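Protein chains in written order, with the numbering used here: chain G, 1 to 116; chain P, 117 to 537.
A couple of the hints might just be wrong.
30 Å max Cα-Cα, derived DSBU-like pairs, lysine-lysine [to be verified]:
no., chain 1, residue 1, chain 2, residue 2
1, P, K399, P, K349
2, P, K437, P, K494
3, P, K437, P, K410
4, P, K251, P, K319
5, P, K357, P, K262
6, P, K410, G, K95
7, P, K399, G, K3
8, P, K158, P, K251
9, G, K107, P, K357
10, G, K93, P, K151
11, G, K93, P, K158
12, G, K107, G, K93
13, G, K102, P, K151
14, P, K405, P, K497
15, G, K107, P, K151
16, P, K251, G, K93
17, G, K32, G, K3
18, P, K437, P, K399
19, P, K336, P, K349
20, P, K319, G, K93
21, P, K262, P, K248
22, G, K107, P, K158
23, P, K148, G, K93
24, P, K440, P, K494
25, P, K148, G, K102
26, P, K158, G, K95
27, G, K102, P, K158
28, P, K151, G, K95
For the record, the hints were derived by calculation from the structure and aren't laboratory data.
Note that the structure is predicted; figures quoted are calculated from it, not measured.
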Amino acid sequence: MSKTVKDAIETIPTDEINSISLSLVRSEILTKVIEYCKKHNSAQMSDVDLMDWDVEFANVHYTTLFDLVLSANYMNINCLLDLVCGKIADMIKGKTPGEIAKLFDIKDVSTYEEDN
Amino acid sequence: MSIELLPDGVLQFILSHINNGRDVAYCNCVSKRWKNSMAYIKSLYFTRNAFDNPSHNENADMIVKRMVSAVERLEELVVYCPFSQSGLASWLSLAGPSLSHLELRMDNLGDNTIRHECPSKLDCVGAAMNLKTLKLWGVLIECTPKWDVFHNLRILEVVGARLEDAAVNAVIQACPNLTRLLLLGCEGVHSISINLPYLEQCKLDFYGLGNCTLTLISPKIESLEVQGCSVIKVPETNHLKNLSISNSGGRVYMVDFGNLEALEFLSMRGIQWCWAAICQMLKLASDVKHLYMKVEFTGNYDALQPFPEIDFVDFFNSHPKLRKFDIHGAMFAALCQKNSLKHVDSEFVIPCLEEVYITVRSPLNAEQKMSTLESLLKYGKNLRTMVIKILQMKGSHNSADDFFDEICRFRYMHREIIRIE
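Just chain G, same shape as in the assembly (with noise of 0.2 Å):
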C-alpha cells in the first residue's frame, strides 16, 4: 500500500533487508499508519462498513491528522493521504476566516478585503 516501501523492496536487493528506513515517522504515528494499511487490506470487511472504520479513524485531533498527512505523503499512501485531506478539509469547510485561524492556532491571519 506504501509506494514507498514498495520501491524500497524493489530497488535493495533481497538478502540485504533488515529494515527500511522511515526516518520521518515517529512511532506512535507509525503504528495507525499500519493500523490502517491492515485494516484497508484485510478483505474482511465490506466497503460500507470499511467507510464507517474511515471515518472514526480519522475521528482524532488535528495534530494528528497533520502528522497523518506527512506520514500518508512520505509513504506515499494515496488513499489514506485522500481520507486524512479530506477531513482536515471538511474542519475548514463551513467556518470564517477567524474561526480557522482559531482551529488550527494560526498566528498570522492577514486582512485582505475578500467578500462573503
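Could you slot chain P onto chain G? The hints should help.
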C-alpha cells in the same frame, strides 16, 4: 504539529478539496500562503444563495470572475446563483479552455427582455470548447446557438427548458460524441431527430400535448426513457436493455423499433396507447425479464377504448423469461377476460416468474380476476412474492366489499407469498 509546518504541496492538496465559493473566499483571507494555495483548486461552485447578502460593492458576476481568475487551471464550474450574460462571457474567457465540467442555472425562461439578448447566455457557453459534461437548468433553446462543435462533450443534461425544434436539433448536432443525453421537463418540442453514433443513455421528458415525434438513430443505445411522444422510431436497438415509454399527455400512436432481443426491462405507461403499438412492443420484447404495464385505455383516435382480451396462456408463453411483472388497473382486467384460461395445456407453466405486483381498482369481473390470481400462483412454479394493491374501488359498496373479502381469503391461503397494500 501546526498546519503552517505542512509543505506547500500538501497544503495545496488539502485546500483543493474546498470548492464552495464562500469557503474559498474565506480561505483566501486566512493568510497569504493560504491565498496562494487556493490557486490550485480544480473546481468552484456557487450555490443559489451564495450572494444573497452582498456586503460590498461588487456583484455576483464580478466576484465569480475574481475567483475564477485566481485559479490556475479550473476544470469544474458550477453556478446556481443568478448571473448575467456578460458575467458568464467574462468567466469563460478566462477558464473556458480548461473547463471540462460546466453546470449553470440559466434562469432565462421568465424574463422577456433577457430572452432576446444577443449574444445569449447559451451562445457564451460555446467558449468552453473542451467540455466533457454540460448541465443546464432553466434554459431557453429557441435560436440555434452560435457554437462550434463540442468534440469532447460526452454528457449533456438540460432540465427545465423551452425549446424550438430547429434549435434543439442543432444543439444535438453540435455534440456528435455524446454518450448520455437528458432532456427533462422540456416544453415546445414537436419533432426531434437524434443521430448520435455513441449514445448509450437517453432520457427524454416532454411536456405538452404528448404528440411529439422522436427519431433516434444510435446503434449503441442501452437505456432509453421517453415521456410525451406519440410516434417513436428507433431502428437500431441491438444493445437496448432498458426501455421505458410513457405518455401522460397524449396517445402513443406508433412505435417502430429494431430487434429487441437484448431487452431486459420494458415499461409501458400512459393514458392511451393504440392497440397495435401495445401488441408490437409485447411481440418484440419476447425475452424481457421485467415488464411494467400501466396503460389506462386503448383506441386509435381520440375516443378512449377499453382493452380487448389478452390471452393469459399466450401472453406468458410469448414471454418465457419473465421474472418480474407489474400490471395495473385496466391492463390487469384485460388479462382476466373470460376466455383466457379456457384451454390450458397440462404442460403449461410460467417458468421464471418470481415477483408479481398487481393493482386492482374495480370489483367488476371479480370472479375472473380471482381466477387469474389463482392461475398465476398455480402455474408460476417459482413465484416468491405477489403484492396486490387495492385502490379506491368504484361501483357499489357491496360488490367492492365482497371482492375485498375474496382477496383477503386468497391472501390468507398463501400467506408466505401474498401481501396486500
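Here's how the hints hold up against the structure:
no.	hint	result
1	K399/P x K349/P	holds (16 Å)
2	K437/P x K494/P	holds (17 Å)
3	K437/P x K410/P	holds (20 Å)
4	K251/P x K319/P	holds (14 Å)
5	K357/P x K262/P	violated (36 Å)
6	K410/P x K95/G	violated (51 Å)
7	K399/P x K3/G	violated (57 Å)
8	K158/P x K251/P	holds (18 Å)
9	K107/G x K357/P	violated (60 Å)
10	K93/G x K151/P	holds (15 Å)
11	K93/G x K158/P	holds (16 Å)
12	K107/G x K93/G	holds (19 Å)
13	K102/G x K151/P	holds (17 Å)
14	K405/P x K497/P	holds (16 Å)
15	K107/G x K151/P	holds (15 Å)
16	K251/P x K93/G	holds (25 Å)
17	K32/G x K3/G	holds (17 Å)
18	K437/P x K399/P	holds (13 Å)
19	K336/P x K349/P	holds (15 Å)
20	K319/P x K93/G	violated (35 Å)
21	K262/P x K248/P	holds (18 Å)
22	K107/G x K158/P	holds (27 Å)
23	K148/P x K93/G	holds (18 Å)
24	K440/P x K494/P	holds (16 Å)
25	K148/P x K102/G	holds (16 Å)
26	K158/P x K95/G	holds (20 Å)
27	K102/G x K158/P	holds (27 Å)
28	K151/P x K95/G	holds (15 Å)
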